[in-house]
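**Q** Residue numbers (UniProt numbering): 1 to 832.
Misleading hints may appear alongside valid ones.
Claimed, not checked - No farther apart than 25 Å at their CA atoms in a straight line, the calculated lysine to any residue pairs in the SDA-like style are these: (1) K265 with H187; (2) K724 with D709; (3) K799 with A616; (4) K280 with L704; (5) K99 with I153; (6) K265 with S212; (7) K503 with P618; (8) K799 with R789; (9) K135 with L39; (10) K646 with A728.
No lab work stands behind these hints: they were computed from the structure.
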Amino acid sequence: MLRLLAPPGRLRRPALWGAGGGQRRYEHRSVVAIRREDLNPWERRAPLAPRHVKELTAAGHTVLVQPSNGRAIHEKYYERVGAVIQEDISEASLIIGVKRPPEEKVFPRKTYAFFSHTIKAQEANMGLLDDLLKKEVRLIDYEKMVDANGFRIVAFGQWAGVAGMINILHGLGLRFLALGHNTPFMHIGMAHNYRNVSQAVQAVRDCGYEISMGLMPKSVGPITFCFTGTGNVSKGAQDILNELPVEYVEPPELKDVSQTGDMTKVYATVLSRHHHLMRKTDGVYDPLEYEYHPERYTSHFRTSVAPYTTCLINGIYWDPRPPPAATHRYTTTIIILPLSLPPSLSPSPSRLLAICDISADPGGSIGFMTECTTIDKPFCMYDADTHIDHDSVEGNGILMCSIDNLPAQLPIEATEYFGDRLFPYIWEMVRSSLHGLTHPLIVGDGTVRSAWSDPPLVPRVSGRRFALLWDMLPYSFHPMVARHCIRRKINMVTASYLSPEMKSLQQSAEEAGITIVNEMGLDPGIDHMLAMECIDQARTDGCTVESYSSFCGGLPAPECSDNPLRYKFSWSPLGVLMNTVSQAIYIKDHQAGVPMDFLPGFNLEGFPNRDSTKYAEPYGIQDAHTLIRGTLRYKGFIDAMSGFVKLGLIDSEPTSLLQTAPPPQRELLCTQMGVATTLSQEAFEEEVFRRTGGMTVCLVLLSLGMLSDDGVPRAPTVLAALTKHLEARLSYGEPPGERDMIILRNDVGLRHPTGELETKHVSLVVYGEHNGFSAMAKTVGYPTAIAARMILDGEISKKGLVVPMTKDVYGPALKRLKEEGLIITCKSTLHE
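Go ahead and model the full structure; you've got the sequences and the hints to work with.
**A** As structure tokens, this is what we get:
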């Protein structure tokens, strides 16, 4: 997402009237509108309550409220605090709601705030996103309003938990009845049947009173609840259960209480990761390791918790992304559930009867929950074959409740709660909307952060929109994104190579009047800029360039190079392996060796990559006798990778061997080498020695666990399986434990008009911060951000495809990189 930095003093909090922090004063007044919720008939919430509107109108702002007969808070209460009730809200600069508006009701060039549900690429809302871009709307997405720690600022989570718990208690009553058991849960209705939450709480208390009187049928045994998650969702659900006579126990105690517990109470447990996750190898749970290597763990929920749980309340956040390597907290929790259930209830309820999936992520943490239920049809049954019996509480299987708009069932309390969290930021949203779409937004901690849906913020600069592509997509998708940018006339920046497919878009980009900047990262990127700075200066001095070499590497800092490869992944693991073995084209005085002794203390080695010769013309050095670009690694890496190739591990051909029941690591190696899997360890090592020319590779395989009996990761190819295995073994530890390092070295050989030879040595060494950005993030992220700002400010005005090889681009960019703390050194060596 695009993050804009506001110049100091440009944005400030509005002044206050009165020392007590009373009325707020603005230089200008605005028109704010609360739109009608018309997406779903059950949606009765509003983003702000009357008391919030009162503060806005008291500060002199006009608040328009679109009339709605479905809104839970009657419009007369808004009118009493100064709001104007009217249908036409087109004059408002800021339009706020809860859910998305229909496309046809979106006004162009306005600032909107609502839940767009697009950050996980929800397909149903992609059409809306296209329409917003077409109409040049600025979207403030509540889901992207986060604090300095990345936690969401505004949400309805607590009331989702409250409503979900009320609903599942009602559902349990129906499910028990379908199995032939009348229980006190039958007196609890769906959450929306109550005028307010107090009435619902009273119904739950009445149910609890009957349970405490011993009116729960002995045929069902003690009832147990299991909560997952510790956030607002889970806490809201627990608040409702606490109205029953409940005793909380630890998960290991569930078995006993489910069989011999007191029938005048219910039991509950809160499940954390350490209660059900264990390392596959030794059964131990290491929370730090699990954050970054969840694939090493399995869950015993199926055997230790599920058989003794009557009802599971799922309140965890689910993130569909794989765990990044030492960059972000991995928030996905996988719950393994038993799908084979007996057809009826036994005297001891030692099976899972119901699940309330409050998180409501189809295909998410409850893996077999593939679609949400609705308020009007809240329940369905999943049987052992994941067959869904819709709108039913009868039959075999698990009762599921997975409503995705639960807070709408308690609209008054939910509106008050949400408004309290949103209102502190309304002032800056109002101020921002007054200044048009080029005015950034302050959210939360005073830093400008992205509240914009994906695609990101689309500001206006001289009539042109701008989009920024960070390289989170594989490079093969970049031409597709570029075509979308051309169609929508949106500028684009990427750190990836200028591929032939991207080059083919030159004319289309020019005709669209947009700029697409490529190769604006580290390598390619900073290396280009440093090269052209040196080469252009040489031409000015009358010199000719006879040789050029550039080597760059993302490495672990020396103190963190603690594995046999002395390497850890700071970018795409598959990209690293492919780059290692891909064909390279270069010019090097007819030599193949590339000594890397420019920093002797690092013990580096290098190897050429890709086609270096294609830069001869852009650099203007067609007559150079040496032209090579390559990759840096610590010594020993190249021999190990060469051994992997000789053993058949860098095999990208699809194989069924890994897709069904992956074999043990050693067995796969034997298969790839074409030797018997029954070969003794000694004979196996001799064969590895013979093929690779030494014991180094065998020791690497052994230390990386590639000769064990553990199964190979499931993957379509041997190379993909190797990638998964190495990613798990060669990832950076959580900060502040480990840091990475970038080394970039350009050597430019010059011939002076006097005949004198000189070599310019340009070096860049950057270390990651223990509690901040990695070196890779700095050296790739800074250049792309700088290019984005240069386009916004009109410094890069050329249309079509641009690479940073001209002085008007590399000059300002290098200057700003130095201001960001990147130290670039240049030394010279004179030759006789």
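**Q** Please verify whether K265 and S212 have alpha carbons no more than 25 Å apart.
**A** Given that 25 Å is the threshold and the Cα spacing comes to 6 Å, the pair holds.
**Q** Would you check the hint for K646 and A728, treating anything up to 25 Å between C-alpha atoms as holding?
**A** holds (23 Å)
**Q** Would you check the hint for K135 and L39, treating anything up to 25 Å between C-alpha atoms as holding?
**A** Holds: K135 and L39 sit about 20 Å apart, inside 25 Å.
**Q** Are K265 and H187 close enough, with their CA atoms no more than 25 Å apart?
**A** Satisfied, since the Cα-Cα distance of roughly 17 Å is no more than 25 Å.
**Q** When you check the alpha-carbon spacing of K503 and P618, does it fall within 25 Å?
**A** holds (14 Å)
**Q** Check whether the Cα positions of K724 and D709 lie no farther apart than 25 Å.
**A** Within the cut-off at roughly 16 Å; holds.
**Q** Take a quick look at whether K280 and L704 sit within 25 Å of each other, Cα to Cα.
**A** Holds: K280 and L704 sit about 16 Å apart, inside 25 Å.
**Q** Are the Cα atoms of K799 and A616 separated by 25 Å or less?
**A** holds (23 Å)
**Q** Taken at face value, is the distance from the CA of I153 to the CA of K99 at most 25 Å?
**A** holds (17 Å)
**Q** Take the C-alpha atoms of K799 and R789, compute the straight-line distance between them, and say whether it is at most 25 Å.
**A** holds (16 Å)
In the structure shown, no violation is registered for any of the earlier numbered hints.
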